[in-house]
Structures are given as C-alpha cells and as structure tokens.
Amino acid sequence: MERIDAYPTHEYNGYMLRAGRPSPFGATLVPGGVNFSIFSGHANYCVLVLFEKGADEPFAEIPFRGLFKRPGTGEPFWGDFRIGNVFCMTVFGLDVDNVAYGFRMNGPYESAERGEPGTFRFNTDNVLMDPYAKAIGGRTVWGEQPDWDAPYPHRAQLVYDDFDWEDDHPLEVPSEDLVIYEMHVRGFTRHESSGVRYPGTFAGIREKIPYLKELGVNCIELMPIFEFDEFEHSKPNPQTGELLMNYWGYSTIGFFAPKAGYAATGRTDDGTMVMDEFKTLVKDLHDNEIEIILDVVVNHTAEGNENGPVIAYKGIDNPTYYILTPEGYYFNFSGTGNTLNCNNPIVRNMLLDCLRYWASEYHIDGFRFDLAAILGRDPYGAPLANPPLLETLAHDPILAKCKLIAEAWDAGGLYQVGSFPAFGRWAEWNGKYRDTLRRFLKGEPVVGDMAQRLQGSPDLYRDRGPTASLNFITCHDGFTLMDMVSYNEKHNEANAEGNRDGANDNYSWNCGWEGPTDDEGINALRRKQVKNAAAMLMVSQGVPMLLMGDEVGRSKGGNNNTYCQDNALTWMNWELVEKNAGIFRFFKNMIAFRNAHPMLRGRYFLSNQDYMHTGYADVTWHGTRAWNADWGENSRTLAFMLSGAYAKGGTAQDDMIYVAMNMHWEDHDFELPGLSEGKKWHVFANTNMPSPQDSWEPGSEPALSDQGHFLVGARSVVILVGK
Amino acid sequence: MEMTITEIKGVKVVQVEGDIDSSNASDVQERIHALIEPEVKILLDMSGIGFMSSAGLRMLLFLYRQVSGGGGKVVLTGLQDEIEETMELTGFKGFFEIYETQESGLAAF
Chain R
76 MERIDAYPTH EYNGYMLRAG RPSPFGATLV PGGVNFSIFS GHANYCVLVL FEKGADEPFA
136 EIPFRGLFKR PGTGEPFWGD FRIGNVFCMT VFGLDVDNVA YGFRMNGPYE SAERGEPGTF
196 RFNTDNVLMD PYAKAIGGRT VWGEQPDWDA PYPHRAQLVY DDFDWEDDHP LEVPSEDLVI
256 YEMHVRGFTR HESSGVRYPG TFAGIREKIP YLKELGVNCI ELMPIFEFDE FEHSKPNPQT
316 GELLMNYWGY STIGFFAPKA GYAATGRTDD GTMVMDEFKT LVKDLHDNEI EIILDVVVNH
376 TAEGNENGPV IAYKGIDNPT YYILTPEGYY FNFSGTGNTL NCNNPIVRNM LLDCLRYWAS
436 EYHIDGFRFD LAAILGRDPY GAPLANPPLL ETLAHDPILA KCKLIAEAWD AGGLYQVGSF
496 PAFGRWAEWN GKYRDTLRRF LKGEPVVGDM AQRLQGSPDL YRDRGPTASL NFITCHDGFT
556 LMDMVSYNEK HNEANAEGNR DGANDNYSWN CGWEGPTDDE GINALRRKQV KNAAAMLMVS
616 QGVPMLLMGD EVGRSKGGNN NTYCQDNALT WMNWELVEKN AGIFRFFKNM IAFRNAHPML
676 RGRYFLSNQD YMHTGYADVT WHGTRAWNAD WGENSRTLAF MLSGAYAKGG TAQDDMIYVA
736 MNMHWEDHDF ELPGLSEGKK WHVFANTNMP SPQDSWEPGS EPALSDQGHF LVGARSVVIL
796 VGK
Chain V
288 MEMTITEIKG VKVVQVEGDI DSSNASDVQE RIHALIEPEV KILLDMSGIG FMSSAGLRML
348 LFLYRQVSGG GGKVVLTGLQ DEIEETMELT GFKGFFEIYE TQESGLAAF
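So the protein sequences, as listed, match chains R and V. The letter at position 271 of the first sequence is residue 346 when you use the working numbering, and the numbering goes up by one with no holes. The letter at position 13 of the second sequence is residue 300 when you use the working numbering, and the numbering goes up by one with no holes.
It is possible that part of the hints are untrue.
List of simulated lysine-lysine pairs, DSS-like, C-alpha gap at most 25 angstroms [to be verified]:
#, chain 1, residue 1, chain 2, residue 2
1, V, K380, R, K288
2, V, K296, V, K360
3, V, K296, R, K283
4, R, K358, R, K310
5, V, K360, V, K328
6, V, K299, V, K360
7, R, K663, R, K517
8, V, K299, R, K358
9, R, K723, R, K755
Between beta-carbon pairs, the in silico distance windows are [unchecked claim]:
#, chain 1, residue 1, chain 2, residue 2, range
10, R, N312, V, G335, 46 to 52 angstroms
11, R, A578, V, G335, 44 to 50 angstroms
12, V, S334, R, K476, 43 to 49 angstroms
13, V, T291, R, P420, 55 to 61 angstroms
14, V, E289, R, P183, 28 to 34 angstroms
15, V, E324, R, N160, 51 to 57 angstroms
16, R, E653, V, E304, 28 to 34 angstroms
17, V, S313, R, E364, 37 to 43 angstroms
18, R, I421, V, E289, 50 to 56 angstroms
19, R, N160, V, E387, 41 to 47 angstroms
20, V, E369, R, G116, 42 to 48 angstroms
21, V, E304, R, G218, 35 to 41 angstroms
22, V, G335, R, N424, 30 to 36 angstroms
23, R, G168, V, T291, 27 to 33 angstroms
Keep in mind that the hints were calculated from the coordinates and are not lab data. Glycine residues also receive a C-beta, built at the ideal position from the N, C-alpha and C atoms.
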C-alpha cells in the first residue's frame with residue numbers, strides 16, 4: 076500500500092511540496108520525492124536552492140517559510156516547513172540523477188563580512204552546502220582547475236544510499252591481533268610504477284590487495300577521505316613552479332561524503348557511484364580479512380577563520396559549530412584557523428551521526444581521531460574532565476565494536492598521552508612509544524623506558540591494557556623509517572617555508588652521513604636499523620602500526636612534513652619492492668612471526684610473575700647476562716624472554732620467545748637463559764646478517780649449535796624461539 | 288530508449304538501445320519484470336546501451352535478484368567498455384555472467 080503522505084499539500088512555482096520530517100538530517104529519498112532537513116539554532120529564513128549538475132545558476136529556489144498554493148485550487152496560504160529549529164520539507168518529482176542542492180539562510184542578527192570578526196555570518200548571497208551531504212560534487216577530479224568564480228563550488232548531491240553488501244559486516248578482529256598499515260589513498264597507487272588501472276583511487280587500493288595480503292597486514296588506516304579541498308592554501312613552489320597542494324587532506328568540508336577526487340568514478344559526477352566504489356573497496360578488503368580504519372578530522376573544518384571561505388557551517392549557524400572568542404574571532408586549537416565546537420550538544424550529535432553513518436553504512440571497522448584532544452575541550456576551549464562527546468562515542472551501541480583511536484594531543488598545548496579521557500574504550504597513538512624506540516635505536520641508553528614500551532606501556536595505561544597503546548615508530552607526520560636513519564635534520568625546503576615547518580625533535584640519526592651516499596657500510600647500517608625498528612615494533616605488546624612504504628625503505632628525501640607534496644616525493648614507488656626486496660622480506664617475516672605467536676598479542680599486561688607456577692614468569696628481563704638486565708644509566712643492551720605457557724592469559728600455547736637488543740656500537744655476547752627439558756633455542760631473526768639470513772619463515776627456524784650464548788652484533792636485534 | 292524482446296531456444300532475449308538513467312530505469316525494469324517467471328532464462332543484450340547511471344545499475348541488480356530468486360538465470364552480453372568498467376568499479380559486475388556476443392551468451396544456458 077502506498078503511504079498516505081506521498082502526496083503534495085503545497086505548491087510553489089510549479090514545485091509540489093509537503094511538510095517534511097526532521098529526521099534524518101540531510102537529503103533522504105522518500106516515495107515520490109526527496110525530504111530535505113537542515114537545522115540552525117539562529118536562522119529564521121531558509122531557502123532550498125536547486126541546481127542541475129554542472130550548471131552555474133540554480134533552476135529553482137523554494138523557501139521553507141513563505142506563501143504557497145494549494146495544489147489544484149491554487150488558493151494561497153502561509154506555510155512554515157519547520158519543526159523547532161529544523162527546516163524540513165519534502166519536494167516531489169525531482170530527478171535524483173541530475174540535481175545538486177544547497178541552502179540560503181538568514182537570521183535577525185548583525186552578520187560579519189569576510190575578514191571581520193563576528194558571531195554570525197549570515198549572507199543570503201551565499202549558497203550553503205548541506206552539512207549532512209552524502210556526496211559532494213563540483214570537484215570530482217583531483218587537481219582539476221575549478222572555475223574560481225563559480226558561486227557554489229562544493230555541491231551537495233542526491234544519491235541512492237542502497238548497496239548490496241550481501242553478507243559483509245565489520246570484521247571485529249580483536250585489537251591485540253591487528254597489524255595496521257597507514258596509507259594515503261592517492262599516494263598508494265598514483266606512481267606509474269604501481270601498474271594499476273586506476274592510479275590514486277579507491278579502486279586502485281583494491282588492485283593492491285594481493286600485495287597487502289602478502290605483506291601480512293590485516294588492517295589499513297586511510298588518511299582523511301572525507302571530502303576536502305586539495306586546492307586549499309595551494310601555492311606554487313617559488314623554486315620549481317610546481318603547485319603545492321593540500322595533499323594530506325586534514326581539512327574537512329563534508330563529514331558524510333567520501334572524497335570524489337579519490338574515486339575513479341568521480342569523473343562521472345555521480346555521487347552514488349563514488350559511494351559504491353568506496354563500499355566495494357570495503358567489501359573487497361573484508362573478503363580478504365583486512366579491516367579498515369578511517370583517519371577522521373572532526374576537530375576543525377576547511378572554512379578557516381574569519382578570513383576563510385563560507386562553505387556551510389559559518390553561514391548556517393556560526394556560533395554553534397565553532398568555538399568563538401567573545402569578539403567573534405575563531406579559537407585556533409587545531410592550528411588551521413578554526414576549532415569545531417565538539418562538545419556543544421548539537422555538534423556532538425552531528426559527530427555521533429557521522430561516525431554511526433560510516434560504521435553502519437560503510438561497515439568501517441574503526442576510527443582514528445586527528446588532534447583528538449580538541450574533542451575534550453568545552454565550548455570555551457577549556458579542557459573537560461569528562462567530555463560528553465568522548466563519553467558518547469565510547470558508549471554508543473552502534474560504535475560498540477569499532478576501534479576508537481585518539482591522536483591524544485592538539486595544537487593548543489593539550490598533550491594527553493596516557494591521560495586521554497578514555498572511558499575504558501579509547502586507544503591512543505602512543506607518542507612516547509615512538510620517541511622511546513627512536514631514541515633507543517639511535518643509541519640512547521633508555522632501557523628502563525624500553526621495558527615499559529615493550530610491554531605495551533603499563534606506566535601509561537595501568538587500568539586499561541596494552542590494546543590502549545597504538546605503537547608506532549613512524550607515521551605520515553615526520554620522517555619515513557628510511558629517512559629516520561638517513562638524516563639528522565629535517566630538509567623541508569620543497570615546502571617553500573624556509574625549512575621552518577615540521578618537527579625538530581625527530582630523534583633520528585643518519586648513520587654517519589646526511590642523506591644519500593654511496594658508502595656501502597653506511598647503507599648497510601641503515602638497512603639494519605630499519606630492520607631493527609621493524610623487529611622491535613613487532614615484538615612489542617600493544618597494537619603495531621606501519622607507515623606505507625616503510626616495508627620497502629621508502630624515502631621522502633628527508634622532508635618530514637610532506638603535507639603539500641603531491642608528487643613522486645610522497646607517492647609510493649613500487650620499484651622499491653624489488654630494489655629493496657630484502658627489507659620487504661624481513662617485514663613480511665616479522666609480521667608473520669607476530670601472527671604466529673599469540674604470546675606477542677596479549678590483551679592484558681604481562682605480570683612479570685609466574686602466577687601459573689610453570690617454572691618461568693610470563694616475561695623476564697635479561698642483559699648480556701641471563702636473568703640480569705643491565706638497568707644502568709649507560710646501558711644500551713636489553714633482552715627479554717616471554718614464556719609461551721602464558722599466551723593469551725594461558726588459554727593458548729606458544730613457544731618461548733627471546734629477544735636481545737644490542738643498541739651499543741660494539742658486539743656483545745649474550746648469555747642465553749636456559750630452557751626446560753626437551754626444548755632448544757632456534758634463531759628466527761638476526762638483523763646483523765644480510766638478507767636472506769636475517770630472518771626465517773616462522774616454523775623453519777634453525778636450531779642454534781650453541782645453546783648457551785649468542786654473539787649479538789653491534790646495533791642488532793636477535794630473536795630466538797624456544798621449542 | 289527502445290527495447291525489443293525475442294525468444295531464442297527458450298531464452299528471452301532482451302535488446303535495449305539507448306541510455307538508462309533515473310528517467311527510464313523504472314520503466315525498463317517494469318517491462319523486463321513482465322517477462323519473469325520461475326526458472327526463466329533471460330539474455331540482456333546491452334550492446335546498444337551507451338550510458339548507465341547509478342539508477343540503471345540498480346535496475347540491473349534488481350533484475351538479477353528477481354530472476355535468481357525464482358531459480359532462473361540472467362546473462363549480460365555486449366557490454367560497452369565504459370559500462371563494464373563502471374560496473375567493475377562500483378561492485379555490480381561480480382553478480383553477473385558476462386559474454387561478448389549473443390551467441391556466446393546463448394551457449395551459456
């Protein structure tokens with residue numbers, strides 16, 4: 076039976092309308108028409124603006140409040156399509172495939188012009204984008220020069236949001252079993268060496284799933300895929316003339332729309348196809364047992380401060396969406412111009428809607444929140460003890476099995492690693508892990524800190540467990556792994572900011588020469604250091620994350636802040652897979668080792684005790700002498716042994732694992748702890764050996780001839796398996 | 288958009304000429320739906336289709352569901368390159384058996 080409200084009750088200039096429903100927000104297909112719903116706490120005037128896709132001028136403007144006619148009789152009457160602060164209207168007879176829509180809004184307040192501070196920014200000249208737009212057109216091909224004078228550059232589109240997932244669902248891989256690979260959508264396959272049919276796109280990632288499976292990762296983390304403007308702050312490099320762009324995308328335009336310029340189908344200007352392409356990627360990843368985590372930027376928008384453009388939020392409800400000073404300037408805790416007012420109840424609901432949308436409609440397995448400390452600030456910028464937004468997200472039923480990972484700091488000085496309001500659910504990008512590992516690798520005597528990091532940082536996450544610790548040594552921010560062992564200093568001249576941008580505390584060491592060199596000794600040491608880093612990361616309790624390309628020694632020429640480089644400097648160079656096959660092989664073996672040994676993937680902290688009376692504590696610490704670690708202030712050697720009887724809290728059986736790390740510049744003999752009757756030490760990895768003797772496929776490790784001692788080379792890591 | 292329907296060796300051959308988008312997808316679907324009966328065999332010759340929008344893709348999948356739900360079979364033939372590419376990118380291609388020509392398509396039944 077047809078719905079009784081599938082018929083118009085109002086007419087405006089030939090358009091048939093009915094009062095809409097406030098929920099859900101945005102544009103929703105209903106029988107015979109489209110329901111439009113948008114809220115504003117301060118507007119009293121709202122007009123729906125309809126365009127044909129590609130047209131500069133709208134073909135219709137329909138007010139939410141005004142004089143309408145009765146269909147049939149033509150009798151005029153006043154209509155008010157509004158419930159509370161939500162303007163909602165159903166429009167019948169629209170051609171879904173060909174329509175883009177926006178809004179004009181106004182309110183009874185003094186509004187500021189661009190460039191001036193002020194609480195309100197209403198201006199009926201502006202066509203505003205729907206914050207709940209599920210697809211955004213107007214910039215559908217990456218890097219294609221737009222018409223800068225176009226009146227409405229980022230255009231909300233109508234879409235079909237159905238998709239046949241068949242029986243796909245989020246994988247719910249336990250956090251402790253994840254190995255995460257952080258990648259940039261475009262950078263992953265844009266280089267011509269990728270050999271994919273659709274370079275730089277969601278579809279391109281699908282083509283490389285076999286590579287990801289071979290490497291052994293079971294989760295990819297995509298840098299921002301919410302629609303953003305790659306031309307934001309773009310400028311030509313004064314030296315090369317090349318255009319520096321917003322390549323990384325940490326600047327959200329629309330929270331519900333995947334970036335059309337990342338889709339091979341983007342050029343069709345059909346928003347539904349962009350959504351379908353991304354959903355097909357998720358479905359394919361899940362088919363291959365790979366989870367997907369999205370890096371989400373909900374701490375600010377692309378509208379900048381009072382000097383920035385009005386795209387949506389400023390013109391819809393400026394003081395609700397943004398943290399403003401009393402004079403009407405924008406607080407800037409993000410370092411980008413504005414700060415989203417995350418703990419305002421209305422914005423909080425929008426962000427909850429956003430995450431629920433991606434979790435349920437796109438089957439996303441988890442979210443990493445950029446500058447998450449901002450999410451804990453109140454509407455005046457002050458840090459909250461119990462931020463409602465974080466609590467809401469932590470306890471939401473739809474998000475209940477999603478990974479929630481916080482970059483637990485912001486650009487306003489709020490550093491919360493170890494103290495992020497977690498509500499028992501949030502994990503953190505462990506910046507202390509990154510720093511400790513880098514310092515140990517370059518030869519600083521930080522063995523005490525190392526012992527904490529290797530155990531999943533119980534000093535930081537005492538009440539949580541190692542899965543709160545997202546362990547990483549490199550990420551998109553900063554040096555790649557190969558650059559971390561090739562440069563002492565950053566070299567960001569290509570960013571045209573006089574090398575002033577980017578972090579200075581890189582804890583990197585160039586192994587004896589700054590940058591590229593022909594010296595084989597230095598190059599061999601660099602390769603070994605890369606392997607050392609991979610080894611230590613993979614044997615640490617906690618959740619490991621790799622940076623795209625580190626597994627093949629990718630270099631960015633010493634640039635540690637490549638946010639604006641859309642070129643071969645940052646694109647994954649697939650020739651390295653063969654050129655650095657030895658490094659790839661080592662990473663692959665290390666990941667396989669982690670996957671083969673549940674003892675490395677504990678959900679709870681190691682106790683350092685033998686509480687099951689097996690003869691060995693779950694973890695014991697050693698140095699060059701067995702059972703005696705050197706915790707001295709000059710010590711650069713550390714070893715630990717894990718007892719496989721304690722794997723997964725004693726519910727799984729695993730081998731004994733021994734890891735010796737010698738970050739001293741001289742070889743050292745390590746006395747090996749004794750094994751129980753019948754077991755022997757086998758060598759799985761020794762970074763001091765050249766490939767392929769540096770590691771073995773798990774299960775094929777050769778037994779040591781000397782079961783009592785191992786000579787661990789200078790700056791080397793040795794991993795033994797006792798079975 | 289024009290549609291001709293013939294029957295060859297028990298297979299209903301549907302030939303469509305023109306584009307399929309939101310303006311006619313429902314119409315096409317209705318006309319093909321009229322042919323569906325349990326264990327029906329349908330060959331959709333798409334060589335005359337230059338463009339399909341998201342509405343068109345959905346119409347195809349709907350057709351597939353209805354036919355296979357009744358124990359029948361549908362194959363597609365003559366896909367133009369761009370359409371095949373679009374179907375591959377948006378995840379619709381995997382549902383279908385696809386052949387180059389009507390002849391090879393008929394042989395699949």
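Query - Consistency of beta-carbon spacing, E289 of chain V to I421 of chain R, with hint 50 to 56 angstroms - result: Given range 50 to 56 angstroms: holds, Cβ gap about 52 angstroms.
Report task. Measure nothing beyond the straight line between the CA atoms of K723 of chain R and K755 of chain R; if it is 25 angstroms or shorter, mark the hint as holding. Result -> Holds: K723 of chain R and K755 of chain R sit about 23 angstroms apart, inside 25 angstroms.
Report task. Starting from the hint 51 to 57 angstroms, judge whether the C-beta atoms of E324 of chain V and N160 of chain R obey it. Result -> The hinted range 51 to 57 angstroms holds for E324 of chain V and N160 of chain R, with Cβ atoms some 53 angstroms apart.
Query raised in the report: Is the straight-line distance between the alpha-carbon of K299 of chain V and that of K360 of chain V 25 angstroms or less?
Result: holds, 11 angstroms
Query raised in the report: So does N312 of chain R sit 46 to 52 angstroms from G335 of chain V, Cβ to Cβ?
Result: holds, 50 angstroms
Query raised in the report: Are the Cα atoms of K296 of chain V and K360 of chain V separated by 25 angstroms or less?
Result: With Cα atoms ~14 angstroms apart, K296 of chain V and K360 of chain V stay inside 25 angstroms; holds.
Requested in this report: Note whether the CB distance of G335 of chain V and N424 of chain R lies within 30 to 36 angstroms or breaks it.
Outcome: Taking Cβ atoms as reference, G335 of chain V and N424 of chain R lie about 49 angstroms apart, which means the hint is violated.
Query raised in the report: Hey, K663 of chain R versus K517 of chain R, does the alpha-carbon distance stay inside 25 angstroms?
Result: holds, 24 angstroms
Query - Pairwise beta carbon distance, E653 of chain R to E304 of chain V, judged against the given window 28 to 34 angstroms - result: Cβ of E653 of chain R to Cβ of E304 of chain V: about 49 angstroms, so the range 28 to 34 angstroms is violated.
Query - Range hint compliance [Cβ, S313 of chain V to E364 of chain R, 37 to 43 angstroms] - result: At 39 angstroms between Cβs, range holds.
Requested in this report: Kindly confirm whether 27 to 33 angstroms is satisfied by the beta carbon distance between G168 of chain R and T291 of chain V.
Outcome: holds, 30 angstroms
Report task. Could you tell me whether the CB distance from T291 of chain V to P420 of chain R stays inside 55 to 61 angstroms? Result -> holds, 59 angstroms
Hint compliance for this structure: hints 3, 4, 8, 11, 14, 16, 19 and 22 are broken, all remaining hints hold.
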